[in-house]
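Q: What follows is the residue order along each chain.
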Amino acid sequence: MPKWTHKHLLDLQEMSRDDIALILETAKSFKEVSQREVKKVPALRGKTVALLFAEPSTRTRMSFELAAKRLSADTLSIQAAASSLVKGETLLDTALNIQAMNVDLVVVRHSASGAPQIIANGTQMAVVNAGDGCRSHPTQGLLDIFTMNERIGKLEGIKVAIVGDILHSRVARSNIAGLTRMGAHVVVCGPGTLIPMGIEAMGVQVTTRIAEALKDADVVMALRMQKERQQEAYLPTVSEYVREFCITPDRLRYAKPNAIVMHPGPTNRGVEIAAEVADGPQSVILDQVTNGIAVRMAVLYLLLGRKAKV
Amino acid sequence: MGLLIKNAEIVNAQGPWEKAQDIWIDNGKIGEIAPSIRRDGCPVIDARGKKVFPGLIDLHVHLREPGREDKETIETGSRAAVKGGFTSIFCMPNTTPTIDTAQVVQYILDQARKVGLVNVYPVGAITLGREGAQLTEMMDLKRAGCLGVSDDGRAVMNAGVMRRALEYAKMAGLLVMQHCEDETLSAKGVMNEGATSTLLGLAGDPVVAETIIIARDIELSRYLGTRVHFMHVSAARSIDLIRRAKAEGIAVTCEATPHHFTLTEDVVKTFDTATKVNPPLRRAEDVMALHEGLRDGTVDCIATDHAPHTREDKEVEFAVAPPGLIGLETSLGIVLTDLVPAKVLDLPRVVEKMSTSPARLMGLSQKGEIAVGKDADITIVDLNKEWTVTREDTASKSKNTPFLGRKLKGRVVTTVCGGKVVYQE
Numbered sequence: 001m002p003k004w005t006h007k008h009l010l011d012l013q014e015m016s017r018d019d020i021a022l023i024l025e026t027a028k029s030f031k032e033v034s035q036r037e038v039k040k041v042p043a044l045r046g047k048t049v050a051l052l053f054a055e056p057s058t059r060t061r062m063s064f065e066l067a068a069k070r071l072s073a074d075t076l077s078i079q080a081a082a083s084s085l086v087k088g089e090t091l092l093d094t095a096l097n098i099q100a101m102n103v104d105l106v107v108v109r110h111s112a113s114g115a116p117q118i119i120a121n122g123t124q125m126a127v128v129n130a131g132d133g134c135r136s137h138p139t140q141g142l143l144d145i146f147t148m149n150e151r152i153g154k155l156e157g158i159k160v161a162i163v164g165d166i167l168h169s170r171v172a173r174s175n176i177a178g179l180t181r182m183g184a185h186v187v188v189c190g191p192g193t194l195i196p197m198g199i200e201a202m203g204v205q206v207t208t209r210i211a212e213a214l215k216d217a218d219v220v221m222a223l224r225m226q227k228e229r230q231q232e233a234y235l236p237t238v239s240e241y242v243r244e245f246c247i248t249p250d251r252l253r254y255a256k257p258n259a260i261v262m263h264p265g266p267t268n269r270g271v272e273i274a275a276e277v278a279d280g281p282q283s284v285i286l287d288q289v290t291n292g293i294a295v296r297m298a299v300l301y302l303l304l305g306r307k308a309k310v
Numbered sequence: 311m312g313l314l315i316k317n318a319e320i321v322n323a324q325g326p327w328e329k330a331q332d333i334w335i336d337n338g339k340i341g342e343i344a345p346s347i348r349r350d351g352c353p354v355i356d357a358r359g360k361k362v363f364p365g366l367i368d369l370h371v372h373l374r375e376p377g378r379e380d381k382e383t384i385e386t387g388s389r390a391a392v393k394g395g396f397t398s399i400f401c402m403p404n405t406t407p408t409i410d411t412a413q414v415v416q417y418i419l420d421q422a423r424k425v426g427l428v429n430v431y432p433v434g435a436i437t438l439g440r441e442g443a444q445l446t447e448m449m450d451l452k453r454a455g456c457l458g459v460s461d462d463g464r465a466v467m468n469a470g471v472m473r474r475a476l477e478y479a480k481m482a483g484l485l486v487m488q489h490c491e492d493e494t495l496s497a498k499g500v501m502n503e504g505a506t507s508t509l510l511g512l513a514g515d516p517v518v519a520e521t522i523i524i525a526r527d528i529e530l531s532r533y534l535g536t537r538v539h540f541m542h543v544s545a546a547r548s549i550d551l552i553r554r555a556k557a558e559g560i561a562v563t564c565e566a567t568p569h570h571f572t573l574t575e576d577v578v579k580t581f582d583t584a585t586k587v588n589p590p591l592r593r594a595e596d597v598m599a600l601h602e603g604l605r606d607g608t609v610d611c612i613a614t615d616h617a618p619h620t621r622e623d624k625e626v627e628f629a630v631a632p633p634g635l636i637g638l639e640t641s642l643g644i645v646l647t648d649l650v651p652a653k654v655l656d657l658p659r660v661v662e663k664m665s666t667s668p669a670r671l672m673g674l675s676q677k678g679e680i681a682v683g684k685d686a687d688i689t690i691v692d693l694n695k696e697w698t699v700t701r702e703d704t705a706s707k708s709k710n711t712p713f714l715g716r717k718l719k720g721r722v723v724t725t726v727c728g729g730k731v732v733y734q735e
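Sequence order for the protein chains is A and B. To convert, note that position 52 of the first sequence is 52 in the numbering used here; the numbers rise steadily by one, no gaps. Adding 310 to a residue's 1-based position in the second sequence gives its number in the numbering used here.
Everything hinted at is true.
Some chain A residues well away from chain B (every beta-carbon gap over 12 Å; in silico):
(1) I78
(2) K227
(3) I285
(4) V289
With a straight-line Cα cutoff of 30 Å, these simulated BS3-like cross-link-like pairs (lysine-lysine) come out:
(5) K579/B <-> K3/A
(6) K579/B <-> K709/B
(7) K227/A <-> K498/B
(8) K624/B <-> K719/B
(9) K424/B <-> K339/B
(10) K709/B <-> K695/B
(11) K7/A <-> K39/A
(12) K624/B <-> K7/A
(13) K579/B <-> K7/A
One-sided and incomplete, this derived list gives chain A residues near chain B with beta-carbon spacing under 7 Å:
(14) A112
(15) S113
(16) G114
(17) A115
(18) Q117
(19) G133
(20) R135
(21) P196
(22) M197
(23) G198
(24) I199
(25) A201
Since the hints were made in silico from the structure, they are not lab data. Even glycine gets a Cβ: it sits at the ideal position worked out from N, Cα and C.
So that you can see chain B by itself, here it is in the shape it has in the complex (with noise of 0.2 Å):
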């Protein structure tokens, strides 16, 4: 049995189309785009007024099971991710057991399927136990099913390993996904490192800490020629890094998240710990260059880096608190709110932000676009439709987010993946 949406207002990264279309999906597929399809006997969604995206993908997820049960489930994580718009989700491997092996790949996997929700996709981990010393079989993670690996919440700190992760990734297929922090520079810092910090008595985490590892990683994948992608980049200087890199023709990329580039430092003066976030809220100016990398291509993508936690662990003193934040269910609605009217992005720029792109460095080949014969992966968005963010509105099992109140427009309305609605408001 087929579905059908009629009257889709269709935005792709390459342009929206001019007039609204009906997409008929077969088998889980897209099997024909026309102004008017008829079909008998199947399910009708009637998009009009709506905009219709191919399905949203997040390169930055953790769903912490196997572990941490208490604070995300593979299930209530793929909640979380169709009621945002996402289709196909990242999860990183800084669970209880590490993704350091194939068999927590597929335990993932298996889950994930029982769930069937969403695509989630477990990041691999570059080293064992994220210990940053022994390389992970990384064969045996891509036969798996990964497609990344990263050590994520900490940095290959040794830049001997790190070269030989990106040699070894490359012959593997996956992309190296570098979590940027030399730990001896953030060392206990908990908040951005300056004037605010100096204010509040919080110990700095210094931009440079960041930048030191990205300006590293950019020398090893210019020596060996390998890629490597660089998550949550938070800075002015690492986005100008990024750029000069990208103009000598280094094969780097980066993601954004939503909290980097809307919220500045000031807002840990409330010593809220839904505000402490690794790396750190930076100032203005590291907002405005993630705006200007946006526009200019330079940040690839926009990932969440969803990090749920318990009540319980949030609400302790700032500095022991555990650093993140949950992003799925507000991540479209803050771009549209925040990054669209400002003309940072268009429509179809955010479309290629939070799919068309993330696939592409992924190898998604089927993905990130509405176009015949690609997965039936379709968020549907109601662009006029304004919501606050609460509490009770959200399906993540954990609630800590510094969004609370913040008011949006624009939400979704629908998720198809693969053909099938598994998100309907």
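Just chain A, with the same shape it has in the complex (with noise of 0.2 Å):
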């Protein structure tokens, strides 16, 4: 197995192939511990894990937190506002005062992209990135990149369609990053003006026809449609949006016949993908939520636990 080399978690681009199959070979042995009956693992008793969320989120932490706990870790969790400049006291203030109570590590939630690079170059904790403004969502990117190989069995060469608001969307950012080292064929669809300039630039097809996204897809993910992107001019109307991309029974069908239906949650059902879908065979919305939990404590571990060891 190769080296573990890095210090944080901050973005999928600074993952090479060997660091991400390593991630997702150590997730594989931790998927095992949480359908013991006993659900822990001491491999990181006497840390402890920070979780500093700054934007609203509720899945991601619990998934953080259950993924620290069930390592054994000693975990706090603090609701900053959302953005520090409101109580005057700056996201490095914060980050200093979590390092100063002796936390090994911070998981990072914000608004604002590149937010968790400040307190990474500002303090010796490791910091994993659960999300940033617009920018990258690493620990969803490798849970999404996990389930597709344990679905499917691969992912050199498999076809990824990721439909909708790519432009505000950290997740297509981190799962274009992950699956392009992977050397998986992405292709993002959804109307032009959610799609970001130079995304070409990334290794993905372009293409804002659903059918051409969809045809002979391994997966295909819906990404959630604010509905504020109405008001912000990005969408003529949300209907018009579905009637064009929503992820329905009758789209489903330009995919392989085996193809799995992902989404990172929370749903719109009916706005980007229709209740059948969601709930139906293909879809494996809630293994990804399962699988987040194996992802996040490997990532845990081979930042904290192995270090441990020394």
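Hints are included, so try docking the two chains, each in its own frame, into the full complex.
A: Rendered as structure tokens:
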């Protein structure tokens, strides 16, 4: 197995193919822990993991918290204001205070792209990015890739269609970064207004035609469409979006018969994904949630656990 | 009492003097230039081995006073200016209060006189409060001492208002200096829009936000027969538009900044807020186009857009940090290090872009040249002196520069303004 050399997990762009493979492999062994009667291993006993969430999140925070606890780490949860400027304390101040309590690793969620970098640069703590602005959500990307690998059995050469608001999606960016690294073919699809300039440079195919995106896809991933995009003139109406891009049973037929359907959650049923699809036999949305814990355990373990043994 | 500069290797825009000369300065003017001048009992500067330029002129500086004296004051900004070799600086009106009345102009001139280091020329606002609606009293601003007007930080978005501003400013004899940014296109953008902004998940500010205003104002200028000056142009396409307009004889001019002609958007990947600036840093092909524009004369002058910000203001998330970086002290060093060896500019062209041309644009007929009878504004430069940009060495009150740690070759050793030595290393 390759050596793990990273101190932080900030962006999948920084991860090599070997790094990602190691995380997936490690996650596989941790997945079994969560299925035991006693869902706990002592790998991170004595370590402290802080969850610094400056943006609303339930699922990701719960997932990280359970991951840390199942590794026997102590956890503390800090709900910071949306912008630290509001209370006059900078993000770095908050982080330095957390560090002063001898926290080993901090998991950061923030609405500003690059915010976790500030903490990584300004403190000694290991930093895991739990979503920053539109930039990156590496553990989501990893858990999606883990789920694809688990279901399809490979990543090399598979076709993944990501549909929706690509412009504002950190989930799309992290999936693209990880999947292209692993040799998958990624197609992004959405209204022309919501496809960011220059995304081709990330090695993806771009289309505004849903049929083309879904054709023979192994994976169909729908992204959350926020209703505010209508007020911001990205969309004429949400209903037109639904007519053109919603993943419906009919549209799903363009994909391979055994294609899997994914969604990072929370879903807007009837907007980006039809309820029948979200609940249908091809949906792996809840597997993603389950796998999220295993992948986050793997990340925490690689960043903290192996060092502890030295 | 006069001042004698010995052994001066004079460089003017029209070319260098062949042999070193002595320069006699009396009463704030250049009195005599000759191979050997003797005067008794006056201070003497030996410039042997150094280059002697007409004092540098910066058309684009933010002094922050009045209103944000925590970022910069007229005094600290003046100190930074003379250290960078500038003897005349034009300060932008986005202060609090805005420079939109003669009283504020007067206040700045009074403060600058008290400091007494450089010539400070306040740039008045085009519209009241820089809000883009009602024109300022430009005749009054002109009488108070303004030579140009700008709503810098914002473009005059309404084309009808811009038209009136151009017509009225022409009557007042003021140069209209446009900040080229269509706000409906730049929107929430914080860096150049493209593959890099997409990768970083930062909102993009597209090149067209700049070029649309330039194209519009070229058309207005053509139609009205008025002058317009485009500030801090950053994009290849902007250079194209301006080059063509000039070829057609339209009275447009422009400036470029050292950061735009040396840095690309790649440096934003560090999320260092010192790299956040408006207009944003662009791509390598834009940098090359700015070089070509400097070379062929499309770019008339080099300006710094010196924009000081406190540590507190800059040490925040990239998206919320204020744009801007300081430039007065590094401008000449960057030009001498990056443009001269690369043959983008030779020394006379450096003098043209940093002194002669800005003087001409603003109608400062007594500046921009070392010649008998001209103002004794003089910058003495050691071309071989190597130095590193550091916080400690920075005279500006703020230290927000992406060039920290940069090694530069060529540094100002003495600055003379109005016949007075205002800086000596």
